[in-house]
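Turn these sequences into a full structure, and let the hints steer you where they fit.
Listed below are the residues making up each chain.
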Amino acid sequence: MLHALNRLTFGPRPGDIEAVRKIGVKKWIDLQLHPERIAENPELAQKLAPLESLRLSQADTERNYPNPQMIRAIAAGRQSMPADPVTRAAVERVVQRFKVKNDAADNAPLEPAIPLDQLLTREQIRTLRTGTVEQKRAVVAAIPDGQIDDVAIALPPGLRLQLLPAVEPALRRKLMLLTAPQQLVAFDLSEGKLYRAIFSNRQLEEQMVDFWYNHFNVFLDKGADRYLVPTYEREAIRPHVLGKFRDLLEATATSPAMLFFLDNWESVGPGTTQRRANAKRPARGLNENYARELMELHTLGVDGGYTQKDVTEVARCFTGWTIRLPRQGGDFFYNDRVHDKGEKIVLGVMIPAGGGRDDAEKVLDILARHPATARFISKKLAQRFVTDDPPKKLIDKMAKTFRDKNGDIREVMKTMTSDEFFSQAAYRAKVKTPFEMIVSAVRATGTQVDFAFPLARQIADLGEPLYRKLEPTGYSDANSEWVNTAALLARMNFALSLAQNKVPGSKLDASLFSGSADEVARQVLFTDARPETLAAIEKQAQGAKVPLVGLLLGSPDFQRR
Amino acid sequence: MTTRRLFLKSSGFAMFGIGAAPMWLARAADASSPRKKVLVAVFQRGAVDGLNVVVPFGEKNYYALRPTIAIPAPKAGTESAIDLDGFFGLHPALAPLKSIYDAHKLAIVHAVGSPDPTRSHFDAQDYMESGTPGRKATTDGWLNRALPPSADARKSPIRAVSLGPSLSRALRGHNEAVAINNLNEFKVSDAGGSATFESMYASTLDTMLSGTGRETFDAVKLMRSIQAQPYTPANGAKYPGGRLGQSLMQIARLIKADVGMEVAFTDVGGWDTHVNEVGQTSGTGQLANLLGNFAQALAAFYQDLGDRMEDVAVVTMSEFGRTAKENGNRGTDHGHANVMFAFGGAIRGGKVYGDWPGLAPEQLHDSRDLALTTDFRDVLGELVAKHLGNGQLPGVFPEYTQLKFRGLTG
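Chains as they are written, first to last, in our numbering: chain C, 1 to 561; chain Y, 562 to 971.
What the hints contain is simulated information worked out from the structure, not anything from laboratory work. Only true hints are included.
Cross-link-like lysine to aspartate or glutamate pairs, in silico, EDC-like; alpha carbons within 16 angstroms at most:
hint : chain 1 : residue 1 : chain 2 : residue 2
1    : C       : LYS397    : C       : ASP419
2    : C       : LYS393    : C       : ASP419
3    : Y       : LYS782    : Y       : GLU759
4    : C       : LYS309    : Y       : ASP927
5    : Y       : LYS947    : Y       : ASP872
6    : Y       : LYS697    : C       : ASP389
7    : C       : LYS222    : C       : GLU471
8    : C       : LYS380    : C       : GLU481
9    : Y       : LYS748    : Y       : GLU759
10   : Y       : LYS697    : C       : ASP303
11   : C       : LYS362    : C       : ASP247
12   : C       : LYS539    : Y       : GLU759
Computed from a prediction, not measured in an experiment: that's the story for all the values here.
So, in structure tokens, the structure goes:
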């Protein structure tokens, strides 16, 4: 029971074991495989409500959360206000609070219109720097309504960041919107991911979103992807995580985020565009990046039997799969004009000339149906949910289901959660990823989270910055990826910080963990701690003030799932 | 160095109390032990475009293959290659490295790389870090195997250091190796908690976690003595912002602290320049920005270490090169052979090594990439044997029987 909870959720909460026991493990797994049948936790909706950018279209995200280059250029007088009314309002909000300088260097920092010492007393500034959360809150409450915007702009970035966890979500957003609107999109993404993992009752669905996003990884900080990723996760990944693999493949292949990340949007058939006289840019050409990663990482796997020739042929099939300008919605569109119309041969299959957009659809069909894909995906799922080195028998079974059920991910997962899943070899065989470690600590202790972003920073310190894996490979699921000296220290330090309420925005009720070491161990591990772990705690020097719950969250026992 | 040793000695003993100092610390502070030779490996992840880093301006095919992104041949002004030997030139953003080359301390190897034909970043990085191209089953890395065998039970716990939040593939293996993200924060925030965690991880039956736990706490103790001394780079060296500069500064700090570090690894990403590799002029664009930071970081390290550079060799590598011909997006795609740098006291520099295969259509690998004439293991192997003093190269690069020194050291 504990094993199923550890593997298919982000760790048990108090009461979860009893709840699973009541309906039985098998039925509980079946329910998790059908998230639409699970009532959602109302607290989650409440946490997600302020995160507006997660619900906007790509175009609206860009309009509402302008980037710093644009703001700086306008404030420095080098660019005029945008015509679009929404963007204009968003930019104006920020720009009018800076001194406009016409002769500043491109990268010169902007000066606030009113300096901080004209807005707050010395005493107040000192409190914002060194005061307690309550004291900071009092300073903010005393600022007249009309002045809060000017204060936000005048605050040095370090102080502003410290202030965020101390204020209400609405004011927090305002502080960010006034100073770094674009960054708010990244904040919303990380916070949304954390809130869902912590609070959602549809735990397996969230695990699957994490798995598939990582499988079809897109790096958030690559240019336009800063605005494209929220829609990507919401519309390309999330709806298909337990659906048909072919649909998931289609959704990612046509997503602007992926087309941009792996450069396919710029790939055009040789000779299809003519170089204009005096054009600054040369004629564009074929780009193989997406074609290669599609086969190596998304479907067949690196040993899936394709050649460099196949890569080039697949790239030719995908020419013309591109995106509209962001101002026109930034959506996918097929541009027949730049499509390579010749005949192609992909993995031995002939794709006749003149197929247009369907050339790439045929490629996706071939890849989704290929036996190497069934194996590659099955193995990767088993490595994530069972062991680093899953038994061949299990992979064979899963791959067979994948082929027989036409890539139905739910069915593959059902096959996975059979005998081998519950074997002795699988029990506690996986080291938690940083994301799992931190979320499971919050869940096990019932920690109240009002501002999740500081948790995201902790996860980055443990080695897994969310949405920021630069390589298209995504993060490895192997234990060795996460067990090293720096990461281990970071885990222990996080455990102590959480227990001592030093993680801003999170509140752990220490009074719940006042029992003896073995009692507290059962509270957070949901089973007995290893005797060596308890012995080490017993040995602790008399009068040590380190909370037991921190020691247990940082213990070897808690690092496994 | 005497003063630094004395300081370490006194701070170490003050920290632990006389008699309580761990054995390796006593050894590290032992003035009679010879200074260690250090090998620093820098990995440029994403496949740097070697043909635009060390530019074969004497090769006319280079300009034919790259009509819009070629670096112009050396000429007055800054936006052209910096002449090295009348045929090769440095990218203009690499100007900070020119004086090291002129001092004969920087050697360049061209048309070098991994013989494996893969164009997958992941596989190629894996092969280069494992040191076994084409063999996926290798579980350890070449730099871990490169550590000279030591029978001494009092080995330093930080003989091998990987800078960054995770232990790099090149340093995994049976020799102890630590990952350090930020030297000053390398500790448990609470001293009481530290002792308890140490005993928990020392006694756990979870072998994976106990091994790493022991390495962690040995290193934590050693770091305490280094953290006690504030660090100012010497000789006016200025490290640039960004990950590489910060990593190299910490490596310099560890070298100067004489705590027994012998190999270090760090990496820097962003070199996968499929699009807009070169801006409107050759001194602008993605590659120029990356190389500028790269060169400043390496030059600052060289300057900071000063005479101590005699004991140090730095080598750079990247998983593969890029297509000889530019693509349609002012960029280049995944290719084959590349360029490597090596600098330090032991390096016979001021020269571009390696046979130049040429860029004529029939000379290209797969009709598209720079062909390979030097195996990267020849370069690394020479540094491991001649500089680190580990002659057991078959153990470092198994199954590679044709290893050949190129005369980079001496």
